[in-house]
Amino acid sequence: MTIGRDQVLHVAKLAELAVREGELDRLVEQLNRIVDYVAQLDEVPGDAPADPFLPGPPSVALRQDVPGPVPLTRPPAAFAPEFADGFFLVPRHGAMEDL
Amino acid sequence: MSWETVVGLEVHVQLSTRTKMFCACRTTFGDPPNTNVCPTCLGLPGALPVPNAQAVRLATRAALALGSSVRGRSVFARKNYFYPDLPKGYQISQFDQPLATGGRVALESPERGRIEVGITRLHLEEDAGKLVHDRFPAKTAVDLNRAGTPLAEIVSEPDMRSPGEARAYLVALRQILVYAGVSDCSMEQGSLRVDANISVRRPGDARLGTKTEVKNLNSFANVERALEAERLRQIALLEGGERVAQVTLLFNAGSGQVKPLRSKEESHDYRYFPDPDLPPLVLSPEWIADQRAELPELPDARRARLEIAFGIPAYDARVLTSEVALADYFESVAAAGVEPKAAANWVMGDVMSTYNEGGTFPVSAERLGSLIALVRDGVLSHQAAKRVYTELASSLGEEPKVVAERLGLVQVSDEGALAGWVDEVLAAHPAEVERFRGGEAKLMGFFVGQVMKRSKGKADPKAVQPVLQEKLRSG
Amino acid sequence: MSAGATAARETGARLAAADAAGLNATLHWSQELLDAEGARVDAMGRPGPLAALPIAIKDNIVTTEQPTTCGSRILEGYLSPYDATAVRRLRAAGALIACKANMDEFAMGSSTEHSAFGRVKHPIDPTRVPGGSSGGSAALVAAGVVPAALGSETGGSVRQPASFCGVVGVKPSYGRVSRYGLVAFGSSLDCISAFGRTVDEAARVLSAMSGHDPLDATTIDHPPVAAPAPLPDLKGLRIGLPREYFPADLHPGVAAALQRTEDAIRQLGAELCDVSLPHSRYAVPTYYIVAPAEAAANLARYDGVRYGPRKVGPGGDIRALYQATRGEGFGAEVRRRILVGTYVLSAGYYDAYYRKAQRVRALIADDFRRAFASGVDLLLTPTTPTPAFRAGEKTEDPVAMYLADIFVCAISLAGLPALSLPVGLTEGLPVGAQLIAPFFEDERLLAAAAALERVVAATAEVGG
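Chains as they are written, first to last, in this note's numbering: chain A, 1 to 99; chain B, 1 to 475; chain C, 1 to 464.
No wet-lab data here; the hints were simulated from the structure.
Keep in mind that this is a model prediction, so the values were computed, not measured.
Be careful, since some hints might not be right.
[Claimed, not checked] As a list, the in silico EDC-like pairs of lysine to aspartate or glutamate whose alpha-carbon atoms are at most 20 Å apart: (1) B:K139 - A:D36; (2) A:K13 - C:E328; (3) C:K394 - A:E29; (4) B:K139 - A:E82; (5) C:K394 - A:D36; (6) B:K130 - A:D36; (7) A:K13 - C:E333; (8) B:K130 - A:E82; (9) A:K13 - B:D269; (10) B:K139 - C:D317; (11) B:K130 - C:D397; (12) B:K79 - C:E328; (13) B:K458 - B:E366; (14) A:K13 - C:E262.
[Said to hold, decoys possible] Computed Cβ-Cβ distance ranges for the label pairs, DEER-style: (15) B:G256 - A:D51: 46 to 54 Å; (16) B:A304 - A:A84: 53 to 61 Å; (17) B:N218 - A:A84: 25 to 33 Å; (18) B:E239 - C:G348: 32 to 40 Å; (19) A:A84 - B:S186: 28 to 36 Å; (20) A:M1 - B:F29: 50 to 58 Å.
[Stated by the list, open to error] Here are a few chain A residues that face chain B, going by a calculated C-beta distance under 8 Å: (21) A18; (22) V19; (23) G22; (24) E23; (25) L24; (26) N32; (27) A39; (28) Q40; (29) L41; (30) R63; (31) P67; (32) P71; (33) L72; (34) T73; (35) V90.
Every residue, glycine too, gets a C-beta built ideally from N, C-alpha and C.
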């Protein structure tokens, strides 16, 4: 096994995904299956080109610094799960009070 | 035993653009919450970033002004973490291929004289939104107007050895960036933000001590205060046989203390990778050369030039170049043909105090030039000129000469008028006249003073003396 | 009655029938919106190149009038406040937006069984899958509900279902169609792509929506795809057969259909030759590092703060909000891929996985470049190793599901234009042949496919 339970839980925490206790073992098994499968890239000799392949343009086109109209057909209040006085609201968080 | 302090600073400056880093929303400060937002800076499904050319230009100029080498190819990367002020769940920044590396800032250290602080790197990134904690009970409010504002992050080498040097570095850095027209660097509006890394070690120790990071530094003075507090905290720990833990601390300006921040994440694992929405940023050598050519004169160069071109003292040159506007103003006054040292004195005195209060120059450089010329030509005394200056500052468009005349401050050097006052004075003080004639030459000062008094200050003292000499001799 | 109104009414009737038959290919549509679309088209001064053509839109392409859910609970009911560039362009060309089509959640899947709103059925055999992730769009075209549809490709999600359903599916060159408004999955791979009953229909749709978009920095400043000039034959073309794409264990029906396609190509005067793409065998593992890594970041924005349904878990704080919203909002396959993507980018693993995959991706792309540089104009392969498989057959083993994309993945990694053309039936199920062109030779691809389409017997059984 390449990935253990603790590692799956650690990654789930980084990704902010709740993992139910009942599904953990199965998830560990599936992730190992996937990770072991993709590990076959190790067969590829190491003399591959150093530059990553870019499918799009070789360099980014820049935008002029000109303000545009607000392109929203409906305001944030229309799609926000919790909104008041112009603000999105979230539960107050301990660490955030410090900031 | 003594301790050596080692400080490195990470400075974020907001680039002076009209629109955000990756979308066409305005960067205006102080608008109602969530009004300068669009699909891109709200992180809506399907929205994409397109970089702002002006942000790239300004960051490039900042790098060139700091002597950094701008890379022909840099890469935007995603820095992944969750926070309610970060709409996409990642910040677009630059990681292993930043816009610029190297460079230096020269400054006057309070302890070591002139030093240079190395610049590690400068990169482009987008700002997060703003969180408001005190407005709704048990809720944190999120305003994304600031989200996506273009920032340049400037990371210094750990080259500073005291809190005072850290402050001096910030003053010098700010001056360069303002000169280069990159940012207004206003700490009040958050367009310049500082995080400090600090450690202590025994002098001569080649290894760095464990560093801590201090945040929430909202003024240059507080950077110095916070670093002083943290320096002492670390020394106390080490002298007590304890170890310094690698933590992030917040400075409380009220108490002057630093305290550890409860951690944002258990571990910082930002999983940087190149942003697939953004091809590499490629800048041609020609374009970079153009930016260098368009760079305005920077503080050090201007200081040197003012010293040489105008023959003013080094101290004056440093004060005058502390702000671009002040230096510009000085040069315009000096260009009016008056004595540069007199111009410098005026600008560093009355002009600077009004500028520091209101941020403006109520008297045009041209008028100040004419005013100084009136003093030079003996038309006004220095004291009278100061009164005229005050009057000019609150009047609109009057010429100094006109104001001086209106206030009756023009010095009289007409011999006829002077002779009248002189005659009156000599007549009133026969005893002193006798003593003068008997050889008490120092009484000349007394007579001049009396003439000035009788003329209510209008007599030109330089012109009074020959008339007095004449009358005393002939009488 | 004018064309738009008629199309709206007829399309509505077919959509209703398809829904009633249990195809489960649509997520949102209404007669009212269709009628409004018809009226809008009829009011247009000039009818436009797609006049009154009803088009189904995969539900990961944002539209302001219908919800855009990406087949996920996490976006249930989400109404986008802006339209995708592709949608704006299609509407400007006179097309009617017919419906939003069902899909694998966030386009992650090869069978459209991973939709939070139920699986899409194969129009010919309801026990089978239509392929995925654009299974709803493919099924709607195959069932004759709409003549054309938009899907999206990340690793073959249009060509593979086109092959399973027996319709034409065209993936343009990366950067040819704006991704602005396409909900991101693997940004370096994602392409809005087109389904049509014929090459011509798909090409017209592609033509109308392609071209540079200042809102997408990865689009290339190049004219839109031109509708192909019909070729009388394929004389003078050299078509390469990459031997790695014709394995010994290829499904016999697929092999037979391809054999017949090769014969047709020869009859049209083209020359066939063997080529080799040695690194294509690593395409699926490479893809399953690159795409999840990008997806893990792309899907971080679904955090319950600004839009979408919010759940708050135990503790009631912001972390509980994130974890419950995301833990409950995303389905199993999406969660797996987010975890894999997070893992391959995490400290200590980046070089072993992500960096390595980027290098192999370059090798895969280089194989194609070399093949085309050797004088080959197009490549021909099977689109899929088998015809449509049965529902439930691969849901328990993620890797088995991933291998359904074994012939389409490499092309996505290389950013090339490619299409799947129906070339026959085996045991009543469609088989697709894949044509692949060099970068930005979309027109060559479409012209050759249109010529081949005229001679190949797409609805004839090949046996095997």
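*Ascending list of hint numbers which this structure does not respect*: 1, 6, 11, 12, 13, 14, 21, 22, 23, 24, 25, 26, 27, 28, 29, 34
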